[in-house]
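Position in the sequence shown counted from 1, then plus 81, gives you our numbering.
Hints were generated in silico from the structure; no laboratory data involved.
Treat the hints loosely; a few may be bogus.
Capping the alpha-carbon separation at 30 angstroms, the derived lysine-lysine pairs in DSS-like fashion look like this [as the list claims (entries may be wrong)]:
1. LYS243 to LYS229
2. LYS243 to LYS101
3. LYS229 to LYS158
4. LYS143 to LYS127
5. LYS158 to LYS107
6. LYS243 to LYS157
7. LYS158 to LYS143
8. LYS121 to LYS110
9. LYS243 to LYS110
10. LYS110 to LYS143
11. LYS208 to LYS243
12. LYS208 to LYS101
13. LYS143 to LYS208
14. LYS208 to LYS157
15. LYS229 to LYS157
16. LYS183 to LYS208
17. LYS183 to LYS121
18. LYS127 to LYS107
19. LYS243 to LYS121
20. LYS127 to LYS110
21. LYS229 to LYS143
22. LYS208 to LYS158
23. LYS183 to LYS107
24. LYS127 to LYS101
25. LYS158 to LYS183
26. LYS121 to LYS101
27. LYS127 to LYS158
28. LYS107 to LYS121
29. LYS229 to LYS127
30. LYS157 to LYS143
31. LYS158 to LYS101
32. LYS183 to LYS229
33. LYS229 to LYS208
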Amino acid sequence: MNRLIWFFGCSASGKETLIKHIYRGKDEKLNSNLGIDLRKTIILDKSIQYISKHRTDNITEKRFEIVHDIISLCSKKDNMIVLIKGQNSDIRNNFIQIISEKLSDISIDIVYVIADVDVLLERIRRKDWYDITRGDTQFLESIGRSMKYMDLFQNYNITYIKSNPNHEYEIVPQKMITLAKR
82 MNRLIWFFGC
92 SASGKETLIK
102 HIYRGKDEKL
112 NSNLGIDLRK
122 TIILDKSIQY
132 ISKHRTDNIT
142 EKRFEIVHDI
152 ISLCSKKDNM
162 IVLIKGQNSD
172 IRNNFIQIIS
182 EKLSDISIDI
192 VYVIADVDVL
202 LERIRRKDWY
212 DITRGDTQFL
222 ESIGRSMKYM
232 DLFQNYNITY
242 IKSNPNHEYE
252 IVPQKMITLA
262 KR
(Lines of atoms letter the chains of each structure in order from A; the text may use other names.)
(Lines give C-alpha, C1' and ligand atoms only; values in the text may rest on other atoms or scores of the structure.)
Protein backbone atom coordinates (compact mmCIF):
# COMPACT_ATOMS: atom_id res chain seq x y z
CA MET A 82 0.00 0.00 0.00
CA ASN A 83 1.24 3.45 -0.91
CA ARG A 84 1.08 6.22 1.63
CA LEU A 85 0.64 9.93 1.01
CA ILE A 86 1.62 12.41 3.69
CA TRP A 87 0.11 15.78 2.91
CA PHE A 88 1.66 18.77 4.76
CA PHE A 89 -0.63 21.73 5.41
CA GLY A 90 -0.30 24.90 7.46
CA CYS A 91 -0.47 28.63 6.96
CA SER A 92 2.12 30.50 4.93
CA ALA A 93 5.52 30.62 6.62
CA SER A 94 4.71 27.75 8.97
CA GLY A 95 7.65 25.79 7.57
CA LYS A 96 6.01 23.07 5.47
CA GLU A 97 8.69 22.87 2.79
CA THR A 98 11.52 23.10 5.29
CA LEU A 99 9.97 20.31 7.37
CA ILE A 100 9.50 18.08 4.32
CA LYS A 101 13.15 18.50 3.34
CA HIS A 102 14.21 17.99 6.97
CA ILE A 103 12.31 14.70 7.10
CA TYR A 104 13.65 13.57 3.73
CA ARG A 105 17.24 14.25 4.74
CA GLY A 106 16.77 12.10 7.84
CA LYS A 107 17.83 14.91 10.18
CA ASP A 108 15.57 13.80 13.02
CA GLU A 109 15.34 10.03 13.44
CA LYS A 110 12.86 10.32 16.31
CA LEU A 111 10.48 12.50 14.29
CA ASN A 112 10.77 10.21 11.26
CA SER A 113 10.10 7.20 13.44
CA ASN A 114 7.04 8.85 15.02
CA LEU A 115 5.70 9.63 11.54
CA GLY A 116 6.46 6.12 10.28
CA ILE A 117 8.90 7.36 7.64
CA ASP A 118 11.15 4.80 5.98
CA LEU A 119 13.55 6.89 3.90
CA ARG A 120 14.31 3.98 1.56
CA LYS A 121 10.69 4.18 0.37
CA THR A 122 10.16 7.96 0.60
CA ILE A 123 10.02 10.54 -2.19
CA ILE A 124 9.09 14.21 -2.31
CA LEU A 125 6.53 15.19 -4.92
CA ASP A 126 8.57 18.02 -6.43
CA LYS A 127 5.68 19.74 -8.21
CA SER A 128 3.98 20.30 -4.86
CA ILE A 129 6.95 22.46 -3.89
CA GLN A 130 7.48 24.08 -7.30
CA TYR A 131 3.87 25.09 -7.91
CA ILE A 132 3.09 27.44 -5.05
CA SER A 133 0.30 29.93 -5.61
CA LYS A 134 0.49 33.28 -3.93
CA HIS A 135 -3.17 34.15 -4.32
CA ARG A 136 -6.37 32.52 -5.53
CA THR A 137 -6.30 34.01 -9.00
CA ASP A 138 -2.78 33.18 -10.16
CA ASN A 139 -2.30 30.47 -12.78
CA ILE A 140 -0.29 28.26 -10.43
CA THR A 141 -3.49 27.05 -8.76
CA GLU A 142 -4.53 25.48 -12.08
CA LYS A 143 -1.07 23.94 -12.53
CA ARG A 144 -1.44 22.23 -9.14
CA PHE A 145 -3.99 19.90 -10.74
CA GLU A 146 -0.93 18.18 -12.25
CA ILE A 147 -0.15 16.99 -8.71
CA VAL A 148 -3.29 14.85 -8.68
CA HIS A 149 -2.40 13.29 -12.03
CA ASP A 150 1.21 12.68 -10.95
CA ILE A 151 0.16 10.99 -7.71
CA ILE A 152 -2.35 8.75 -9.48
CA SER A 153 0.20 7.82 -12.13
CA LEU A 154 3.01 7.25 -9.64
CA CYS A 155 0.89 5.16 -7.28
CA SER A 156 -0.46 3.09 -10.17
CA LYS A 157 3.08 2.11 -11.19
CA LYS A 158 4.77 1.61 -7.81
CA ASP A 159 3.74 0.10 -4.52
CA ASN A 160 4.80 0.49 -0.91
CA MET A 161 6.17 4.01 -1.18
CA ILE A 162 5.71 7.12 0.93
CA VAL A 163 5.07 10.38 -0.91
CA LEU A 164 5.60 13.72 0.87
CA ILE A 165 3.40 16.50 -0.52
CA LYS A 166 3.44 20.20 0.30
CA GLY A 167 -0.21 21.15 0.41
CA GLN A 168 -1.97 24.42 -0.14
CA ASN A 169 -5.44 25.54 0.78
CA SER A 170 -6.35 25.42 -2.92
CA ASP A 171 -5.71 21.65 -2.81
CA ILE A 172 -8.41 21.40 -0.16
CA ARG A 173 -10.82 23.72 -1.98
CA ASN A 174 -10.34 21.69 -5.16
CA ASN A 175 -10.88 18.35 -3.36
CA PHE A 176 -7.51 16.87 -4.36
CA ILE A 177 -7.45 14.38 -1.51
CA GLN A 178 -11.00 13.22 -2.19
CA ILE A 179 -10.27 12.82 -5.92
CA ILE A 180 -7.15 10.76 -5.20
CA SER A 181 -9.00 8.64 -2.63
CA GLU A 182 -11.70 7.84 -5.18
CA LYS A 183 -9.21 6.96 -7.93
CA LEU A 184 -6.86 4.88 -5.75
CA SER A 185 -8.52 2.45 -3.39
CA ASP A 186 -5.31 0.94 -1.98
CA ILE A 187 -3.77 4.06 -0.51
CA SER A 188 -3.21 5.54 2.92
CA ILE A 189 -3.43 9.30 3.38
CA ASP A 190 -2.13 11.12 6.43
CA ILE A 191 -2.24 14.84 7.13
CA VAL A 192 0.50 16.79 8.88
CA TYR A 193 -0.49 20.28 9.97
CA VAL A 194 2.55 22.48 10.61
CA ILE A 195 2.20 25.22 13.21
CA ALA A 196 4.51 27.84 14.66
CA ASP A 197 4.29 30.54 17.29
CA VAL A 198 2.83 33.80 15.99
CA ASP A 199 6.05 35.76 16.49
CA VAL A 200 7.96 33.13 14.49
CA LEU A 201 5.32 33.23 11.73
CA LEU A 202 5.44 37.02 11.53
CA GLU A 203 9.24 37.02 11.35
CA ARG A 204 9.16 34.45 8.54
CA ILE A 205 6.29 36.02 6.59
CA ARG A 206 7.97 39.41 6.50
CA ARG A 207 10.89 37.81 4.63
CA LYS A 208 8.67 36.40 1.87
CA ASP A 209 9.09 38.11 -1.50
CA TRP A 210 5.33 38.49 -1.85
CA TYR A 211 4.78 40.08 1.58
CA ASP A 212 3.01 43.41 1.20
CA ILE A 213 4.09 45.77 3.96
CA THR A 214 1.28 48.20 3.09
CA ARG A 215 -1.31 45.57 4.10
CA GLY A 216 0.43 44.87 7.38
CA ASP A 217 0.22 41.70 9.43
CA THR A 218 -3.52 41.72 10.14
CA GLN A 219 -4.54 39.98 6.94
CA PHE A 220 -1.91 37.30 7.46
CA LEU A 221 -2.98 36.71 11.06
CA GLU A 222 -6.58 36.26 9.92
CA SER A 223 -5.46 33.69 7.35
CA ILE A 224 -4.01 31.52 10.13
CA GLY A 225 -7.46 30.89 11.52
CA ARG A 226 -8.86 30.09 8.07
CA SER A 227 -6.03 27.65 7.46
CA MET A 228 -6.65 25.80 10.73
CA LYS A 229 -10.38 25.66 9.99
CA TYR A 230 -9.66 23.52 6.94
CA MET A 231 -8.42 20.76 9.23
CA ASP A 232 -12.03 20.24 10.34
CA LEU A 233 -12.59 18.71 6.90
CA PHE A 234 -10.10 15.93 7.62
CA GLN A 235 -11.69 14.30 10.62
CA ASN A 236 -11.64 10.91 8.85
CA TYR A 237 -7.87 11.09 8.39
CA ASN A 238 -4.96 10.72 10.74
CA ILE A 239 -3.80 14.28 11.50
CA THR A 240 -0.48 14.97 13.17
CA TYR A 241 0.26 18.49 14.38
CA ILE A 242 3.92 19.46 14.28
CA LYS A 243 5.29 22.66 15.75
CA SER A 244 8.02 24.27 13.71
CA ASN A 245 10.46 26.05 15.98
CA PRO A 246 13.43 28.19 14.96
CA ASN A 247 16.67 26.37 14.08
CA HIS A 248 14.85 23.48 12.39
CA GLU A 249 13.60 21.98 15.61
CA TYR A 250 10.27 20.16 15.43
CA GLU A 251 7.94 18.67 17.96
CA ILE A 252 4.73 16.73 17.66
CA VAL A 253 1.99 18.55 19.52
CA PRO A 254 -0.87 16.60 21.14
CA GLN A 255 -4.14 17.19 19.32
CA LYS A 256 -5.86 18.18 22.58
CA MET A 257 -3.67 21.26 22.78
CA ILE A 258 -4.53 22.25 19.21
CA THR A 259 -8.27 21.82 19.77
CA LEU A 260 -8.12 24.10 22.79
CA ALA A 261 -6.13 26.69 20.89
CA LYS A 262 -8.62 26.75 18.00
CA ARG A 263 -11.60 27.79 20.14
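Hints, verified against the model:
1. LYS243 to LYS229: 17 angstroms, holds
2. LYS243 to LYS101: Cα-Cα ~15 angstroms, so holds.
3. LYS229 to LYS158: Answer violated: LYS229 to LYS158 is near 34 angstroms, above 30 angstroms.
4. LYS143 to LYS127: Within the cut-off at roughly 9 angstroms; holds.
5. LYS158 to LYS107: 26 angstroms, holds
6. LYS243 to LYS157: This hinted pair is violated, its Cα atoms lying about 34 angstroms apart.
7. LYS158 to LYS143: 24 angstroms, holds
8. LYS121 to LYS110: Between LYS121 and LYS110 the Cα gap is close to 17 angstroms, so the pair holds against 30 angstroms.
9. LYS243 to LYS110: Between LYS243 and LYS110 the Cα gap is close to 14 angstroms, so the pair holds against 30 angstroms.
10. LYS110 to LYS143: 35 angstroms, violated
11. LYS208 to LYS243: 20 angstroms, holds
12. LYS208 to LYS101: Roughly 19 angstroms between the alpha carbons, so the hint for LYS208 and LYS101 holds.
13. LYS143 to LYS208: Within the cut-off at roughly 21 angstroms; holds.
14. LYS208 to LYS157: Judged against 30 angstroms, a Cα distance of about 37 angstroms means the pair is violated.
15. LYS229 to LYS157: Not satisfied, since the Cα-Cα distance of roughly 34 angstroms exceeds 30 angstroms.
16. LYS183 to LYS208: 36 angstroms, violated
17. LYS183 to LYS121: At roughly 22 angstroms apart (the allowed maximum being 30 angstroms), LYS121 and LYS183 satisfy the hint.
18. LYS127 to LYS107: Between LYS127 and LYS107 the Cα gap is close to 23 angstroms, so the pair holds against 30 angstroms.
19. LYS243 to LYS121: Given that 30 angstroms is the threshold and the Cα spacing comes to 25 angstroms, the pair holds.
20. LYS127 to LYS110: 27 angstroms, holds
21. LYS229 to LYS143: Holds - the C-alpha atoms of LYS143 and LYS229 are around 24 angstroms apart, at most 30 angstroms.
22. LYS208 to LYS158: It is violated: about 36 angstroms lies between the C-alpha atoms, which goes past 30 angstroms.
23. LYS183 to LYS107: 34 angstroms, violated
24. LYS127 to LYS101: This hinted pair holds, its Cα atoms lying about 14 angstroms apart.
25. LYS158 to LYS183: Holds. LYS158 to LYS183 sits at ~15 angstroms (cutoff 30 angstroms).
26. LYS121 to LYS101: Holds, because 15 angstroms separates the two Cα atoms, which is no more than 30 angstroms.
27. LYS127 to LYS158: OK: LYS127 and LYS158 at ~18 angstroms, within 30 angstroms.
28. LYS107 to LYS121: 16 angstroms, holds
29. LYS229 to LYS127: Holds, at about 25 angstroms.
30. LYS157 to LYS143: 22 angstroms, holds
31. LYS158 to LYS101: Given that 30 angstroms is the threshold and the Cα spacing comes to 22 angstroms, the pair holds.
32. LYS183 to LYS229: The hint holds at about 26 angstroms.
33. LYS229 to LYS208: 23 angstroms, holds
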